[in-house]
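Student: Just so you know, the sequences run in chain order A and B.
Start counting the first sequence at 43; every next residue gets the next number (the working numbering).
Start counting the second sequence at 429; every next residue gets the next number (the working numbering).
One should not assume that every hint holds.
Unchecked claim - Okay, derived cross-link-like pairs now, EDC-like style, lysine to aspartate or glutamate, Cα gap no bigger than 16 Å in a straight line:
1) A:144 to B:606
2) A:156 to B:606
3) B:573 to B:524
4) A:144 to B:525
What the hints assert, rightly or not - Label-pair ranges, simulated between beta-carbon atoms:
5) B:525 to A:118: 21 to 27 Å
6) A:156 to B:805: 35 to 41 Å
7) A:103 to B:622: 42 to 48 Å
8) A:146 to B:811: 50 to 56 Å
As the list claims (entries may be wrong) - Facing chain A, from chain B, some residues (calculated, C-beta under 7 Å):
9) 477
10) 478
11) 480
12) 492
These are computed hints drawn from the structure, not numbers from a lab.
Treat the numbers as computed from the prediction; the structure is a model and nothing was measured.
Virtual Cβ for every residue (Gly too), placed ideally from N, Cα, C.
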Amino acid sequence: MDLKDIKEIIQLVEKSDFSSFSYKDGQQEIKLKKERQTFSKSETPVQVSPKAEESASDSGFYIFSPMVGTFYSASSPDSSPFVKVGDEVKAGQCVGVIEAMKMMNEVDAEENAKIVSALVKDGQNVEYGQPLFQIEKQQ
Amino acid sequence: MYKKILIANRGEIAVRIIRACRNLGIQSVAVYSTADRDALHVQLADECVCIGEGPAKDSYLNMDRIISAASIVGADAIHPGYGFLSENSDFARKCEEYGIDFIGPSAEIMERMGNKFQARQTMIHAGVPVVPGSKQPVYHAADGKAIAKQIGFPVMIKASSGGGGRGIRISESAEDFENQFNTAQRESVTAFADDTMYIEKYIEKSRHVEVQVAADKAGNVVSLGERDCSIQRNHQKLIEESPSPAVNAKMRQEMNAVAVRAAKAVHYYSVGTVEFIVTEDNHFYFMEMNTRVQVEHAVTEMVTGVDLIETQITIAMGLPLSIRQEDIILRGNSLECRINAENPEKKFAPCPGRISHVHFPGGNGVRVDSAIYDGYTVPSAYDSLIAKVIVHGKDRETAIRRMCTALDELVITGISTNINFQYSILHNPVFCKGKADTGFIEAFLEHKV
């Protein structure tokens with residue numbers, strides 16, 4: 043192996059996804075190792091609103107919409123919302139209402155949970171199965 | 429002009445309606461169950477809304493969820509397709525209540541024709557020939573038996589609110605009448621929550637011939653010719669064709685006129701189908717009227733050149749019919765084969781599952797209406813129809829030949845289908861001679877023809 047070969051091997055490994063490479067030929071041996079790159083912490087993360095399917099495949103838990111309609115986070119425009127992020131809710135507690143067919147239907151938590159995030163806005167149209175809140179289950 | 433239509437259906441008919449909306453420049457909205465997440469109609473529509481879990485009662489039969497979906501997307505109208513809520517007058521009424529147009533006739537018209545006994549009476553008054561039968565509804569077996577003796581056996585015992593072949597029994601003689609009546613009535617109560625029955629003479633060796641009509645809201649009615657749907661298994665159609673080999677020119681003229689008269693008798697509007705029984709001696713009798721678009725509408729489209737779904741939508745928008753009776757000519761012959769996900773060798777057991785590969789035929793005079801694709805999984809929650817292969821030819825022989833070529837080329841792998849079964853019917857001499865009546869499939873399965 044001469045210098046030219048070694049240069050070529052280095053370039054190939056650099057371009058590849060391999061993190062390490064070793065080659066032995068009789069008495070000659072070459073070992074290469076790539077250092078992992080770390081991204082600068084100053085990069086701002088991009089917010090992406092999750093699609094229904096993607097969210098459901100996370101290991102997180104959710105409160106899903108049981109019907110088709112318009113979601114409201116409070117019982118009236120002047121009232122305070124049923125729940126806020128960080129609230130702990132009990133099973134059966136109302137977390138929002140969905141208006142369908144000119145009727146208001148309560149959406150209740152099915153189990154004791156803590157609200158991690160609200161995924162829909164007040165007045166947003168929702169479909170069946172759409173995630174409304176991300177939750178953390180509690181005892 | 430509608431800006432947006434919500435399609436309250438799925439499968440091939442939903443795709444068909446979306447295409448018609450596209451042609452008319454109207455936005456389409458698909459609704460779907462969780463079992464239909466990967467369905468073609470969901471991908472094709474401009475918008476889609478998930479309305480519930482797989483079972484039809486939670487999704488495609490759920491009136492509230494469908495109307496709610498129409499409200500939130502701002503749909504001007506709902507097209508109900510066929511089956512599901514298409515002939516449900518409560519649904520038509522609810523749409524009206526919520527200010528959404530229902531693409532079909534009014535709830536009142538639907539109810540008049542949906543009550544089979546009432547429909548008969550209406551037709552009798554309109555001078556439309558009906559199968560000899562009971563003049564009153566029947567609630568008790570004893571009364572029914574007396575009427576059956578008057579009419580003459582064999583008789584058909586039918587549920588007044590019936591449909592889909594349910595609540596129907598044949599009684600060959602006075603001996604088995606009570607049993608058959610009670611069974612049919614029980615079925616009617618279970619399926620339709622109604623114990624009203626009626627009796628009709630059972631005409632053996634008959635053909636099922638139906639006439640397509642279209643009517644606008646101004647009272648103009650046209651007839652678009654007949655379709656022969658005698659090839660049926662358990663009252664489920666398999667092959668349909670237009671024109672009918674059992675109908676001569678004189679009969680055609682009369683049947684078309686009677687169909688128009690029937691539609692006018694109930695002030696019908698939208699598209700609809702008047703069903704007749706045609707006997708061996710060339711008599712025809714009104715059976716019932718279907719107040720929706722049908723699976724086999726494509727056959728009429730091929731011979732008349734009229735787009736029935738576009739016509740249905742424009743009628744709903746209040747536009748007058750653009751076609752005149754004198755412009756409607758049946759050209760050539762058209763055949764349709766329904767392709768089902770079923771196994772004919774296992775008593776036609778439904779065969780849902782993943783389709784690994786699809787290849788559709790094409791070419792001159794060949795049309796395929798379907799919602800399946802490579803890798804698509806046919807769900808178990810719905811009916812087994814997965815494709816319609818429709819051909820047109822200058823005559824019946826050409827059409828049959830074209831259908832054989834098309835079915836030869838058609839490939840659907842991964843699940844069982846009835847393609848080969850359809851192919852064997854097309855090679856049967858009775859069918860090829862145009863002599864297949866409603867008893868054909870049963871005889872065919874018993875190797876008697």
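Student: Hint by hint, say whether it matches the structure.
Tutor: To see whether the hints hold, each was checked on the structure:
Between residue 144 (chain A) and residue 606 (chain B), the direct Cα distance comes to roughly 49 Å. Violation of the 16 Å bound is thereby established for this hinted pair. For the hint linking residue 156 (chain A) to residue 606 (chain B), the alpha-carbon distance of about 64 Å lies beyond 16 Å, and the restraint is violated. This hinted pair does not check out: residue 573 (chain B) and residue 524 (chain B) have alpha carbons roughly 43 Å apart, beyond 16 Å. In summary, the hint linking residue 144 (chain A) to residue 525 (chain B) is supported, as the alpha carbons are separated by about 11 Å, within the 16 Å threshold.
For residue 525 (chain B) and residue 118 (chain A), the hinted distance range of 21 to 27 Å is satisfied, since their beta carbons lie about 25 Å from each other. Separation of residue 156 (chain A) from residue 805 (chain B) is about 37 Å and conforms to the stated range, judged on CB atoms against 35 to 41 Å. Between residue 103 (chain A) and residue 622 (chain B) the CB atoms are about 46 Å apart, so this pair conforms to the stated range of 42 to 48 Å. Our hint of 50 to 56 Å for residue 146 (chain A) and residue 811 (chain B) is violated, since their Cβ atoms are close to 36 Å apart.
For residue 477 (chain B), the suggested interface contact is upheld, since its CB lies about 5 Å from the closest CB of chain A, less than 7 Å. Residue-level restraint check for residue 478 (chain B) holds (minimum Cβ-Cβ distance to chain A is 4 Å; threshold 7 Å). About 5 Å separates the beta-carbon of residue 480 (chain B) from the nearest beta-carbon of chain A, less than 7 Å, and the hint is met. Hint on residue 492 (chain B) holds. Least Cβ distance to chain A is approximately 5 Å, under the 7 Å limit.
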